[in-house]
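If you're matching them up, the sequences are chains A, B and C in order.
Residue numbers for the first sequence follow this note's numbering, beginning at 1 and rising by one.
Residue numbers for the second sequence follow this note's numbering, beginning at 444 and rising by one.
Residue numbers for the third sequence follow this note's numbering, beginning at 1183 and rising by one.
By construction, these hints were calculated from the structure, which means they are not laboratory data.
One or more hints might be untrue.
Heads up, simulated SDA-like pairs for lysine to any residue below, C-alpha to C-alpha not over 20 Å straight-line [unchecked claim]:
| hint | chain 1 | residue 1 | chain 2 | residue 2 |
| --- | --- | --- | --- | --- |
| 1 | B | K755 | B | A492 |
| 2 | C | K1225 | C | Y1243 |
| 3 | C | K1352 | B | A492 |
| 4 | A | K240 | A | V10 |
| 5 | B | K489 | C | S1364 |
| 6 | C | K1225 | C | Y1235 |
| 7 | B | K1146 | C | V1315 |
| 8 | B | K1085 | A | V10 |
Listed here are the chains, written in short residue letters.
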Amino acid sequence: MDTALIPEGVKRDPLWKFVLKLGPVVAVLIWGVVAMLLCWIKGLNQTNMNDYYGFALWIWADLAVIALGGGAFFTGLLKYIIGKEELKNIINFAVLVGFICYSSALLILAIDIGQPLRGWFIFWHANVHSMLTEVAFCLSCYFGVLTIEYLPLILENRQLDRVPFIHNLSHNMHEIMAVFAATGAFLSFFHQGSLGGVAGVLFGRPFAFREGLFIWPWTFFLFTWSAAACGPCFTIMLLKITEKITGKKLVKDDVVRLLAKIAGWMLFTYIIAKIIDTWYWAAVTAPSKGFGLMEFYSNNGFYGIWILILEVVVGGVIPALILITAKGRSNPKTLTLAVVLAVIGVSVNRWAMVLQVMAVPVMSFDQWALYYPSWQEVATTLLPVAYGIILIALSHRYLPVWPQERELNPVEATAGPVSAEAAPGAESEEETSAEPEPAPAQA
Amino acid sequence: MKVGRRSFLSFIIGGAAGTALSPLPWKLTDDLSIWTQMWPWTPVPKDGAVSYAGSTCTLCPAGCGINVRMVDRRAVKIEGMEGHPINDGGICILGLSGLQLLYGPTRVKSPMKRAGNRGSGRWVSISWEEALEEVAGKLTEIRAQGRPEALAVFSGKRRGTVPALLSRFMTAFGSPNFVTAASTQDSYELALHRMQGVQAAAGLDLANTDFLLSFGSGILDGWGSPVRMFKAHSALKDGGGKLVQIEPRLSNTAAKADQWISIQPGTEAALAFGLAHVIILEKRYRTQFVSEYGGEFEEFRQMVMADYTPDKVAKITGIDPKTIVTLAREFSRSSAPLAVCGKGGGDTPGSMNEFFAVHALNALVGGINRPGGIWAVPEPGDFGWPDPEMDETAARGMQQDRLDGAGAPPYVATAALPNRFFEAVAGGKGYPLDALFVVESNPCFTEPDPETVKAAFSKIPFVVSFSSFMDETAQNADLILPNHVYLERYEDVPNPAGFNRPFVGLVQPVVDPQFNTRNVGDAVIALAQGVGDPVASAFGWDGYEACLEEAYPDQWDSLTSEGYWMAEDFDPAPWPEAFETASGKFEFVPEGLQRGYVPAEIAGEKGGFPLVLTPYDTMRISSGYVGNPPFMTKTVPAEVLKGKELLVELNPQTADQLGFSEGGRAVLTTPTGAANVRVHLYDGIMPGLVAMARGLGHTAYDKYLADKGTNVNRLIGPTADPVSGLNAAWGIRAKLTRA
Amino acid sequence: MKQERPKKFGMVIDLDKCTGCGACLVACMSENNVPFKPDESDKLTSITWMRVYQLNNGKPYPETDICYLPRPCQHCEGDHGHSPCVSVCPATATDYGMETGIVSQIYTRCFGCRYCMAACPYHARYFNWWDPVWPDGMEKYLNPSVSVRMRGVVEKCSFCYHRYQTAKDKAIYQFAEGERDSTDLEEDEYQTACTQACPAGAIIFGDLNNPSHRVHQIAQPDEKHAGRPKNPKAFRLLERLGTNPKVYYLSSRDWVRRAGDNYLEGEGKLKRH
Ligand SMILES: Nc1nc2c(c(=O)[nH]1)N[C@H]1C(S)=C(S)[C@@H](COP(=O)(O)OP(=O)(O)OC[C@H]3O[C@@H](n4cnc5c(=O)[nH]c(N)nc54)[C@H](O)[C@@H]3O)O[C@H]1N2
Ligand SMILES: Nc1nc2c(c(=O)[nH]1)N[C@H]1C(S)=C(S)[C@@H](COP(=O)(O)OP(=O)(O)OC[C@H]3O[C@@H](n4cnc5c(=O)[nH]c(N)nc54)[C@H](O)[C@@H]3O)O[C@H]1N2
Ligand code: SF4
Ligand code: SF4
Ligand code: SF4
Ligand code: SF4
Ligand code: SF4
Ligand SMILES: [Mo]
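Here chain A stands alone, though its shape is the one from the complex:
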């Protein structure tokens, strides 16, 4: 039925199977949409947030998703600016993941604010001193950039590409993609950084507060760095999952290993910086405010010191060591383990920098506050996950995401569905007379 839309030379599930597989995901999506509408219509009393946990699951999800979406800007930077040409084979997917992450982040923000209809005040009445203002501007601009980066891929859909205007447009966009990649990298540097700044500037919260350079606390740099390190890990992780689900190899190992190596060294250097930062904070910054390190962790099991160990050692040192060794990244098992650990590490870091900041009492007579999300919060957090899966599935099905797929998974000419729609115009009664384009993936 939809074969006309499917890229040429690749094999896809029949439509009914595709739809059936996505069914549960769509159910989750609908559940999320219901929760989202509840939050918009009835207000944030639908959540379990409170005056101690003004930032909670959502802000964590935002920060995590943006860090993980960092694969897009960093891979783009490597390909277009540094010139790592091999990465062209994964850049489409990196951009797609980035697009999903950033659109999710914006959606969550729109649910998270108490007055969504006034959300634009952040631009109109901008306070330039606020890290959140910086985040909002850079995030929105970068989302625009990602859209522009993702657009050519959409336009390269077999049917759209037949329109000469669209064909030329996407071609030209590819030509100037380096400019957008550079812009994206610049914007990302700032918004990833300012997200780190969001917590780091809170001088009333010794757990979060970091000294730094000029107006930027160290977390500004650490966040950018960790996103650059862990974003690609997330891209690789999702690639592995996609390969597992589709049962196909989609990107060649050398490409993955190159990205893993770079991510590994980023992670390695990041974690050294993070350890120095943690040490300085624990030994100098916090004590100057009257806090001993263990006061931030002592009260309850949930916010125990294990959280720091999980973040720095398990989610930082170990994956970094695996990824910087050739042996570690060439073994598929250790590679997968490393990227998963790195993803956990950066997520835990964002968790601590959001939720633990809220939990630790600052006044000596105040209380530790615990919080668990309501179903509405969980559902709206899963909403982007479902949306992401759907977008990846659709893109995988209809867009030429994988330049190496045909090479890695040759399709016999006799195969049913592919040959069936090989005849031009079989489906199309429309006026267009464009010839089928033989090489959709790369110009």
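Let chain A serve as the given structure and place chains B and C with the ligands on it in line with the hints.
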């Protein structure tokens, strides 16, 4: 026209661009945000001309002056009246919440007649004419049967023109059963009566005290005139004076005190005698007073010297003997020491043994009618109204015994015994009652063991409530004749609790009556007219206002211009004229009384009930006639009330023994009742005690108050004091078991 | 008119006098149209611009001691108006008033991101999780000088700013009418609702920059050290964070003063005396 793919796309893109460039989306975005700033369901208070109206707060017996901020005809804020002798600008949390009572959802909006069974909550609105006619008809019937004593009145107040009108009505009608709620003030009056031979209220000259010794009185927890006590405490702090608090729980008063001495509850009198022992032993008493005006002093001396050595007292009270000696020295050494008693908020009359002991201590240091001491303040006289004419029916009725036994042996000097009243009616003692009026009180909630009150109600066929609110008592009535709320009416507040000068505060309407309500004063006058002569002829006034004005002929100008009248230059009687006892002296040992410390009785066998439950008062919970307004309930800490569950305080050591941890659920059982509670661990309470906030556990009122926590009165029955007959219960034996 | 020094309104709260009665809480709620819900026992969603904390010395019976600490917004000045909350608000919905030292909150500007709440270590900021609802008829007592807040925005103590405006307006009018020499406000012309109500007289309010005002005399702010109190009985909450609050506390109890800030274990006695 055939729409091709290209034209379709151009249309979409062109349309989108065109719309984006037009003002439409921007205007809509802006409009939407403006709409969020004035959602129609968010109220916008109407502006208007601002003015202030002065009056007096009646929400407790303190009599604070208030200024109500008005915007046009709306009252928007209650503030304390600056320069007022009682509160000088300060105001308490309840007084501040008054507008929530005025405009609140629990007001009774018109006369109501019961439609279903009692307590079923089914009512019909009726007119005032119908309501008054119905009551008058009933009363006429009772009189026609020749048993006017079958009518009783339960009034929350005893002083002022409204209680006077009620009392007058009862006299003219012919019933002795005019019962008033009791408090610490009654015990003080009785102490003054027995030891000084005077009929007077106890006034505390706090402005000149430099050492306040409190035997468990909640000086900062609602005792006496709360705002005045707060101010006095702050002045004491500023002036370098000292407050010592004696009680088994670290109350807010204890926490603020310069010294907190924990004591075995119920043994306060022994400590007072112990202090007297040291003072006498070390000759630290005021010799002149004792030698010239001390009656039975020798007997007193022998008693305390023999039986109340610091060591013996230490055994009784659990207080270190050294602490006792030091305290006695500090107390007697200061220039104007003052000892006060009456536990917590002072709503329970308490043990006379303790009042006599503490009052003797004051006498020992010469604090009677002296600066910084305790003054006998004359009761406001009658209002100059001619005695009501009584017909034969009335005269016969008045000769009947009161059902509560007050004024007759053994409680000759007690004005009313509310606890015994309900017990008698419930138990079918004496003659049956045909009708009961309940005025400005909520006995179904506030009296100890409200079940007895409800049982008494079930024996009375006709109960009329005059409450402004749908409280527990109103719910159990047959007819409600709603009073105005204090902000809508005139009234007088004479002699505020513990004030040391003759004083009257004037309550004035600051807003128009919000509903179809009437001042009780007017209702009583109308009822008298309805019953006809001779009752009617005792109520010749046009209405309550006229009656009020007539009651204060000399003070009226001051009342209306200042909002109060005070005898500025009042001095208490000097010692030579102060004592109207047979001996003309201060009786250290009131005649006919058991000498020395009498252990205060407490219900329950120790065996089955290893713990002792004591109620405590807090400023954040109103425990009297008026239920907690929403603002106050909002301030109740989560350690006291969580959701609908009440938490009781338990020492961590006791909790450990019983296997309770913070927040644990428990069943609290006393000989009187049982309740589900949760446990809050509190280091500031003596091991073995369970403390419970008073004032929660309402079943009436609105969703902001009803069904939250437990009414502690339900767990503690009254204990009659052997001297006064009034309730002396300060606690009860209890046990806590896991729920 | 003469050039005058900017004002710096602040408070001194005497913890020796405060009894924890809660009158200040209700005075504030009543003055500022603070809403209430049927259940307010979850204090993490209960709006109380003024909140009274109970501190304890951590000792067992009978050495136990407790102290109440009323906490309005501290109107932090930070470093030259860089208060923790003001600097983070992305929409400039909260601002540091250089003329008064009062940290404002504009409800119609706030879009409810709650970043300011994350920034405030005193938990002085409250979010309107629900629409404010008054029982039928009770909205009559609402004060027109203070706008009612809609759901989804943050609110906090304003030092009763509307009282300042009213007093100022009156002074300007009287000045124009020739009834007074200047538009300067006397100490008693601008007082907050909680100060006015406190039955213990524990709260004192005034201009910390004005040597004739009691707050200045009692707190004795040290200009050279960002307003740190010179009075040895006085302290500010979390002095070490550099929030530079304008609410000072007095206590004669060592443990109370120490509870006002965080100290490392073994970090000796209070730095002062
Ligand atoms: N927190 C908060 N934020 C608000 C508002 C609020 O009420 N509260 N209100 C909003 C509104 S309605 C407005 S209009 C804006 C106003 O916002 P701003 O325009 O920022 O207003 P101001 O702070 O009054 O003045 C700005 C600066 O102008 C300086 N200034 C005064 N006179 C002169 C002059 O003659 N020449 C020059 N060059 N400078 C001068 C002042 O010293 C001050 O530093 O704020 C908006 N933002
Ligand atoms: N001293 C001094 N005076 C000034 C200025 C200054 O800087 N200093 N600035 C001037 C400037 S630029 C301006 S714009 C004006 C602003 O002056 P105003 O417009 O008077 O501004 P506000 O006092 O902020 O708000 C007015 C009223 O609106 C109420 N309000 C808030 N939200 C709502 C709502 O949703 N609906 C309704 N109906 N009412 C609401 C508020 O409670 C308040 O009572 O002040 C001017 N006057
Ligand atoms: S102390 Fe009593 S009289 Fe005074 S304001 Fe409070 S409730 Fe009213
Ligand atoms: S009103 Fe005064 S005494 Fe009461 S809690 Fe507030 S500051 Fe303390
Ligand atoms: S106390 Fe909190 S809300 Fe108030 S100024 Fe300081 S940081 Fe801001
Ligand atoms: S919640 Fe409102 S006041 Fe607070 S930072 Fe966000 S926009 Fe500003
Ligand atoms: S200063 Fe005003 S706004 Fe602030 S707590 Fe006091 S009464 Fe509330
Ligand atoms: Mo403006």
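Evaluated hints:
no.: 1; hint: B:K755 <-> B:A492; result: 68 Å, violated
no.: 2; hint: C:K1225 <-> C:Y1243; result: 27 Å, violated
no.: 3; hint: C:K1352 <-> B:A492; result: 14 Å, holds
no.: 4; hint: A:K240 <-> A:V10; result: 19 Å, holds
no.: 5; hint: B:K489 <-> C:S1364; result: 32 Å, violated
no.: 6; hint: C:K1225 <-> C:Y1235; result: 11 Å, holds
no.: 7; hint: B:K1146 <-> C:V1315; result: 13 Å, holds
no.: 8; hint: B:K1085 <-> A:V10; result: 63 Å, violated
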